[in-house]
Amino acid sequence: MSLKRLHVLFDDDDILLDAVKEIVKSKIYIHEVYTPFPVHGLDKAMKLKPTNISIATFIYGCIGFTVSILMINYIMIVDWPQDIGGKPSFSYIENMPSFVPIMFELTVFFAAHLMVITFYLRSKLWPFKEAENPDPSTTDDKFLIDMDSGSNLSKTKSMLKKMGAISIKEVKE
Amino acid sequence: MSSHYEAPIRKPLVLGDKSYGDISNDIARPIETPPNTDWWIAFSIAMAAFLWGLGCMAYTLGTGIGSWGLNKTVGWAWDITNFVWWVGIGHAGTLISAVLLLFRQKWRMGINRSAEAMTIFSVIQAGLFPIIHMGRPWLAYWMFPIPNQFGSLWVNFNSPLLWDIFAISTYLTVSLVFWWTGLLPDFAMIRDRAVKPWRKKIYGLISFGWSGRAKDWQRFEEVSLVLAGLATPLVLSVHTIVSFDFATSVIPGWHTTIFPPYFVAGAIFSGFAMVQTLLIIMRKVSRLESYITIQHIEMMNIVIMITGTIVGCAYITELFIAWYSGVEYEQYAFLNRATGPYWWAYFLMMSCNVVSPQIMWVKKIRTNIIWSFVISIVVNVGMWFERFVIIVTSLHRDYLPSSWTMFSPTFIDIGIFIGTIGFFFVLFLLYARSFPVVAQAEIKTILKSSGENYKKLRDK
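In order, the protein sequences belong to chains B and L.
Residue numbers are given in our numbering: position 104 of the first sequence equals residue 104, and the series is strictly consecutive.
Residue numbers are given in our numbering: position 316 of the second sequence equals residue 489, and the series is strictly consecutive.
Isolated chain B (complex conformation) (with noise of 0.2 Å):
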């Protein structure tokens, strides 16, 4: 008997956890999990690494940093060196006080922009993008497991209405 691809809906955030980790845990393939909402410890269930993406943040911050002192060095230091207000712009040290608010706007602008960007990029969020959610339902009050069926269809199956699925879908790879 072939494998089946099955979308199985719930209409509760608990049983819909108690679902995966119990599909987890008979060793059947979850493809992929839509919900309205984060529910917690969902991904734990799943067994997803954790994101990376404040990682990343920090990394685009220090680039931010690096950026502006890079960017201000140039232009106040080396291209036009000039005496404002009694505080000449000799050297970047000594003029490095009035420098920290945009060094600070800087970072937070690179980081946080940045951060969103790959966000969307990973997430495949961009204009024009369609929606997969396979059911219109799971933006709104419904919960649906993508799943492999298991080796014995009709167990499966039972085992979901057995754990409270309102409706299970065999669906075509």
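Some clues are possibly wrong.
[Stated by the list, open to error] Stretches of chain B that chain L covers, calculated by requiring three or more beta carbons in the stretch to come under 8 Å of a beta carbon on chain L: (1) 38 to 45; (2) 48 to 59; (3) 63 to 75; (4) 95 to 101; (5) 107 to 116; (6) 128 to 137.
Keep in mind the hints are simulated off the structure, nothing from the lab.
For every residue, glycine included, the Cβ atom is placed at its ideal position computed from N, Cα and C.
Once you have looked at the hints, place chain L on chain B.
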């Protein structure tokens, strides 16, 4: 159920017998039903004010800044007052969505969306003023450090005015992506329930194809948390830098080290007051009383009261330090501020900002909608006068008595200000009919812990 436990002492944040589906219906309703006559009346008034303001802006650009009430002594007055006022109002949104997120305050979820919208719309109004004051707004790009054909002519990174440009543009763009990222799941909800094809298309376009995969949510939560962490120092830095516009100068009355914390507290104060004004109307019109409850209003009133007290403390500290410093110029600036020709503005500022919020100590008053609404307006008037007092009274008595003068706005000045209020309400009214005004995906996460029906179920 046990994983959704919340201490019974906490009052419910979602009232009524709501299910996940009910939340979607309630939030989608204002978008899916046509606006009523009241909305059209409000929109027409706002639009008329906006057009009037546009006319005054066009007149200013055609004739020159001479059409304003500025003179050689008071070279900064009306427009910078409006600029600081609008930027201040723009502080509540990020404070609610970022700082309260870090503090794990769940009551933020009912109001954060609208507060962020208000932030973005008011920062847009703020940005208009310096751009108009340039006189040649088409050259506004000169503010950015871009290579140019004027030789090595660069912007001055020592200048607080340039700091301001970086601070405000970072704040506006970061607030915008924070807002939009939070909106994606809610736009997707509207998209997936849309019946009309054009609505499906538009919300499909702006929801960026959000599908709600488990991994997306994991990233979404991480991004929200890190953005909140970045936005918290950002929101504090923005009004700090706005205060530097004054504090780094040598004008008595401006040159004070208390300005940064004092301006930030004032910004939060006026921002919350504006959120209060808008949400008290919106919860009624859009029937969102289950999500924006009396408890939310009370919480905001407490923030208004606390920040009002901080602002009052700063006013008194300023007076004390002026006396204690022994600097006669400083002493005169403050004496003149309180008892000079602008005493009435100082009196308005003191009574609106320091005295009026103090009645919020009474629980009956801070849980009363009418009182809350009235005080929120009084606070906004007071905060406008605070900026006017700081700016104009410090300038109008120059070191040379021969150049002493008064400031009075022209109808162009007033027209531009009214125009920005109109523009703000045009944007907010459009937002209220086309955006999910409550972060419904977030509300759904707290329904089981803070929903009234679930709380009752647990108590049994």
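Structure-based check of all given hints:
With 6 residues having a Cβ less than 8 Å from any Cβ of chain L, the segment 38 to 45 of chain B passes the three-residue criterion, so the hint holds. Interface restraint, the segment 48 to 59 of chain B with chain L: holds (6 residues with C-beta to C-beta distance below 8 Å; minimum three). Counting residues of the segment 63 to 75 of chain B whose CB lies closer than 8 Å to any CB of chain L gives 3, so the stated coverage by that chain holds, three being the minimum. Coverage of the segment 95 to 101 of chain B by chain L holds. Counting CB-CB distances below 8 Å, 4 residues qualify, and the rule asks for three or more.
Given as covered by chain L, the segment 107 to 116 of chain B passes the check, having 7 residues with a CB less than 8 Å from a CB of that chain where 3 are the minimum. With 8 residues having a beta carbon nearer than 8 Å to a beta carbon of chain L, the segment 128 to 137 of chain B meets the requirement of three or more and the stated coverage holds.
Checked against the numbered hints listed earlier, the structure breaks none of them; every hint is satisfied.
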